[in-house]
Amino acid sequence: MTAIDWTRATAAQMADALAAGEVTSVELVQAHLDRIAAVDGPVHAFLHIDAEGALETARAVDADRAAGVELPRLAGVPIGIKDVLVTKGLPTTAGSRILEGWIPPYDATVTRRVREARMPILGKTNMDEFAMGSSTEHSGYGPTRNPWDLDRIPGGSGGGSAAALAAFEAPLTIGSDTGGSIRQPASVTATVGVKPTYGGVSRFGAIALASSLDQLGPCGRTVLDTALLHEVMGGHDEMDATSLDEPVPAVVEAALAGAQMDLTGVRVGVVAELSGKDGGFQDGVKRRFEESLDRLRAMGAEIVEVSCPSFEYALAAYYVILPSEASSNLAKFDSVRFGLRVEKSTVEKTMLATRAEGFGDEVKRRIILGTYALSAGYYDAYYGSAQKVRTLVQRDFDAAFAQCDVLVSPTTPTTPFKIGERIDDPLAMYLNDIATIPANLAGIPGMSLPSGLAPEDGLPVGFQILAPAHEDARLYRIGAALEASLTAEWGGPLSAQAPELEVAE
Amino acid sequence: MTTMTYEQAMEEFDPVFGIEVHVELNTATKMFCGCANEFGAEPNTQVCPVCLGLPGAMPVTNEKAVESAIRLGLALGCSIRESSRFARKNYFYPDLSKDYQISQYDEPTCYEGSLDVVLDDGTVVTVEIERAHMEEDAGKNTHVGGSGGIQGADYSLVDYNRGGVPLVEIVTKPITGMGARTAEVARAYVATIRDIVRALGISDGRMEQGSVRADVNLSLRPKAVAGESQDAVPFGKRSETKNVNSLRAIERAVHFEAARQASLLLAGQPVVQETRHWHEDTSSTTPGRSKEEAEDYRYFPEPDLLPVQPSREWVEELRGTIPEHPAKMRARLREAWGFSDLEMRDVVAADALVLIESTVAAGASAQAARKWWMGELSRVANDREVSLPELPVTPAAIAELQGLVDDGKINDKLARQALEGVLAGEGSPSEVVASRGLAVVSDDSALEKAVDEALAAQPDVLAKIQDGKVQAAGAIVGAVMKATRGQADAGRVREIILQRAGVEG
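Respectively, the protein sequence lines represent chains A and B. Each residue of the first sequence is one higher than the last, beginning at -11 in this note's numbering. Each residue of the second sequence is one higher than the last, beginning at 37 in this note's numbering.
Extracted from the complex, chain B is given alone in its bound form (with noise of 0.2 Å):
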């Protein structure tokens, strides 16, 4: 069998694919009981009879995590579903405790959406959005010893405290027309949906935590031959991509999906309809369970719970706190700040874009409140091995550090140190300014004492000014700024050093 490349394979073939994107919500408490929703805690200590599903125990749904889903749907140009309610997935897995999930089936809260993915080229892409429902999050398994897994270890442990956390699952509609961009569209639309979360302040949006998961669903089918046309086409048999946790594997995904089964039509052989699981290390998917023995969910609506009937109104209140599209957010701040593409990418890449946003809302300029995030700061979040959203310093302290510089009451030298004292914890700007003793020499006479000596001591430098070497005032400048330990205004220094000297900058 000829193994196939992905560009060969959509050479070849007509892709299509979909995309199931798992959101778990930062709401405080769990779907449907107080336990406290948070990653990281010791296993089962988060956990209540409730969550545990343990005998009698009943669920209360999450209202907030209701209008979270809600937020995302409208967010999503979905319609909002003046009823809907919660069913029963039933099937048997230690890590969900009562054996059933809580989700949603014939009635999801939103259903029909569209959004607009951009592409690095800008090119837009519409994707269809066939539903967005609600659901809780099973409990963690791990498989010790024997051969692994769960029929093969020597035992396996189970952690309930992910048992419950609030998930908004968004199915797409099947996306077609993609060819070669195939991979780019699916990645480009996982991170959409993951700013977009972020934008909203729903989720933290952390796909190496898990809190963002993409299922990916692909299959080929033939290219439509001159004269057909490709819709008429049937679709092929789809290969389910599950857990795939980052957006290199998401384009890496499809690029082996794509590529593992060209080779097997091309050779004549079938695609399964199966689940397949994603190894990150090899970039590869080996098959999970096949369809044809998949399994009966008996879904039937939930009794334990009231249908889901927001208000209008309310639906309406919700729609007026939907942020800006992240893409159409970003054009246009890349337009009023005048930065190129490549300094928005990178700002966007660090996670900068909001924390420019609200220094340039407090006073600062986009280059300047740039400079400092992309630059001193990148570097120290770098060191301290953190994002820039988690430093200790809010962007209105930027804004008035870089204040102080523009006013001339410290230079760049000195709003290094005051930013490293701000970061210590020891106070805004000012008073760091103010403690550390950081203000800039503007005394003159200080200054032209300082200029005198320094000229004094190079008069082969001064010769070289009068001479009408305006340059050469560097030297002298250094000097001054090197006895005055930092502390002039270079540009003033420079000033009285051409006076000095007889010549007019």
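Bound-form chain A, shown alone (with noise of 0.2 Å):
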């Protein structure tokens, strides 16, 4: 054992660390996979574990380092990935039953990018069948449990990737955001979670939910972990046509700048319609927000309102886009070339079986509901009208933006509700993502990031902050001048705060 507890290190210390030969990398592994057999039982944070795979990148990480060869920054700092980006010959089930075994040939784009960064991967992360959730509960494989409050969500779809952070399993994960998925778990497990620009990340190898929504991203403790996650995972990817033929933008750099904490000529915008003044929103998540505005105008900048309108039908029109790309997208899991098969008489039958038997409720309510939308005679009222509300969304956002820098809004209405609470109530369930879903819509970067506990219930709350396209790093250094000055208040990270988890013999 090594004096320092490392799990508890960030990964840009890590990096550091291992770069000065203070550590070596399979040290930090073996802290990392020690700390999920200590606690994952519980947590359930990941589905996969590879502890060989992760050490064996790590011994030839030290050995490289130890040879004088130059090494990617990350290089031997461990990362957890969500289990909707496939890798080749680690088990790949997006949370469902029916890839239950699936070893995928290929890797995804981004697990190339994190396997040349040479970080050791320590396994995959549970999530909600499919992305499909907003608590993890949806996972075929059981729910994930939040650090803070085992009886609670870690948040969904991405409760794996954001519950391993806040239980010091790994100091990095990978994970998706098609309306929330990566910033709600952030909020409501005192992490930082980044949903890219649409595009920024190439979504090649990672299983599609919906194609014009999902975003893959970053997800860390710090804003500044998260930007050097960012950075290794950005970039133009031939692979993707829809990847941006761009440079990545320079976030750690604006993370840098940001922890000086001044935000002099920086305009932010606080919308009207996500701000909770019209009810819905916890009181201590107001409390924590109007804090952090409060701090934002402290370090310079201005504070302005503004209105987007077509918020309130962002809901409804997500809800039908969603579902109808999501019903075609899981439409070639039929049997045939991989998964589950449940053999029947003829191919038909098999299909349905397999399908029958492999879905979980919740994949099922979303392709029935997407089935129908894109039916013949109802696809103008439904994905026709949701199409036109996504352009509403994003001429809110064009206009928005016109008048600030960044838009902030709270992560999320509440602070973590109970598992099984809202389990048997999808409308209650999908209103978890009200201040998420516009992002996607219009393919903007969000962030979220800690701003406190609720009074109330000593809960983690999460402070979101909205960029325009291409403007992620503009995230990175609002958020970053936000966690510093929370931090120097907070003597250290709020995650430090999280209660102790009984450890496993």
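You may find that some hints are simply not true.
[Stated by the list, open to error] Here's a subset of chain B near chain A, in silico, CB distances under 8 Å, partners left out:
1. L90
2. M94
3. P95
4. K100
5. R124
6. P130
7. S133
8. I138
9. S139
10. G182
11. S183
12. Q187
13. L193
14. V194
15. L341
Keep in mind the hints are simulated off the structure, nothing from the lab. In this text, a Cβ means the ideal position worked out from N, Cα and C, and glycines have one as well.
These two chains come separately, so use the hints to put the complex back together.
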């Protein structure tokens, strides 16, 4: 055992310590594997652990470092990958029983970039089945629990990636955000998560939920760590036609600049429709949000109120577009080429039986919704109208960003709810994403970072920052400033205040 | 029920038809991935995560296929949309790896064109084109054992090599007013499309390999009564006969369907709107899916691909590469070459048009070029069971060969031997003539000696010549050719004979 508990360090600290020879990658990986063994039973952040693979990468990095080979900044720093990304040779299920046992024959572009960055992959993190959900209760392999309170949800769909960070099982994880699946889990676990500009990170190899909304992004416990991972993941990829052909924004530089806590001249817009003043937002959430605004103001930012009237329809439009695209994307799970096969007398019956058995209720619900919305005679009323709302939401953002540099809101209306509390009420579950969904409809980048604990329940509250497309760096500058201001008061990151988890023998 | 003939059907009814032609493009790679686009490889050897529809894989549009589609559209007189897009056509079938086909729906790249079709008697019919759109081909199912077919087989095999091969589908508007010439027009239309894609070089146009496939839509309506316009009579219910894959079959399918529908109508029975299968062996059709139970394909814009937005400049550049309409080219060449209709038809049927054109361009006369390609070379091709273009000889070599004959360096017999050498890969005609020692004997003293010997051996022939029966000289020419083993210039030999006999030729 090392004297220092490396699992509590930031990824940046680990990278520096590795470079300085204060720790080896094998030690870092082993520390995290030990932590996973100790706490992941109840937390269940991981679906698959690749101890041997992670240690092998770590040994190779240590050997290269000893030999004086020049290495990428995060080389040797371990990472967890959401099970939505295909990983060659490692089981990939997207949280679904229909893919149980499937070993992909290829790597997602982001997986490849993580490997090229020489980061040991600890394993695959749990998620709502095919990323459909806001609680990770819809995983086909059992729910993930929130390390702040094991009776509560860690958010979703990327609950595994967020909980792994909050439980110190990994310093960095990868998420995917279709309507908030990175930002909402970050919010309820007191971690940081970023949904980059649509096209900023290649989707090739990410099992698609809704192709026009999905975006992969970095998750960490600090803004700087998240920026470091963002730069590993981002950049043009010719395998993804929707990938932006432009350099990765200088997010690390922006995070370092933001930590100087000078926001002079920055105009911050508060979205009236997402500020909670019309109700529906928990008191403690609103209070922490107001305090964060004061901090931004104190650092020189100007706070202005903007209105985005079309956001009222965003949730409804989202729940037409997402199921429509998902119903098509999930058609390929037909038993013919991979995954589960429930053998029946004909191909048609086999397909039906496989899908009936392999998909969970929420997935079936959305496939049915989407199939209906795309049907002849309904297309214009549903999908067509939803696309019009999408255009209106984009226009609202354009108008808002004409008045300010970034927009802010609470990430979620409430702190994490209890497991089982909303499982039978899909609409209440969907309302969780009211503040995060507009960014996906418009393709703009967004970040959630911790803004404190709600006084009434002592649970994490997230602060959301949104920027215009391609301006991901602004999230990091403002986020890092707020983080610096808050941690100065807390005496360290909020994640350090999480209750100690019971450690398994 | 009386069974009608096609001719009877055409007397009783007014036919309306339309044709959908699928053209497989000959791009090096598939429509949306980098796999080889090749016919005849071992099953499932030309596949990757993209065309196998593995989870996470994404399509990227093949720019070369877009270029081919636009050139085809331009050759069909279509307008090229400034911004067109791909759409997903959703249906479950084992040979469709993603369980949706990427196609084009409401915004095809090429639309509203027209094509002049020249019938055998020179009549020109203008066919209106509704659209020409891009899509990907499906794989191929093979049903083994049992009663066959997808529902009754013991098992089915799927080969995805063809999955993702680029196709352009050309759809006509309804073609009316053709009466009894309907079958002929249908055939000529598909033949013209085939000629155009070959002339463009975008497809090998081999109907027997399925690289050009046609679906034939046909309906019958009552003939207009006196004083009424035929256009005012509504269309009847149509059948769509799928995969009619030879020119002869197209004519026969029209015959069969017209007769079948007419028989039903005259018996007072309805024609069912349905797809029908074509049976080559019996030249008949059987019912497939009826349109009433047809699937709803739930088309929606493909979110994984960007719109196709060819620049005006590029489109104009491509317009400059469009070859002459095959029928117009044939008419022009027939005129220039002075071929009879029959000769021209044979040339076209033998696939020799371009070869002759190139041979003429290389310096040979049209008649000489025709003589070689339709004579000796056709015989060789026939022996080898290959098409003329597949023979290992270039038009330039044939022109060179003819040049040697014209210059008197070799005679026809030697030229055939030289050709044999060229086909055997021995080099150019000149090289073969040199290496095989095929030059004609033009040394007069050698010829005079041979003539004298022949005349001495046949004194009666000499007497006949001297009597004025000049044609008798042929026997002496033959003897001299035999003595010189064919290497004498027969014309010169004849002159010497007449000289020796004391008569002028």
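Hints, verified against the model:
| no. | hint | in the structure |
| --- | --- | --- |
| 1 | L90 | 7 Å, holds |
| 2 | M94 | 5 Å, holds |
| 3 | P95 | 7 Å, holds |
| 4 | K100 | 15 Å, violated |
| 5 | R124 | 5 Å, holds |
| 6 | P130 | 5 Å, holds |
| 7 | S133 | 7 Å, holds |
| 8 | I138 | 11 Å, violated |
| 9 | S139 | 13 Å, violated |
| 10 | G182 | 10 Å, violated |
| 11 | S183 | 12 Å, violated |
| 12 | Q187 | 5 Å, holds |
| 13 | L193 | 11 Å, violated |
| 14 | V194 | 7 Å, holds |
| 15 | L341 | 5 Å, holds |
Hints 4, 8, 9, 10, 11, 13 from the list above are not met by this structure, while the remaining hints are.
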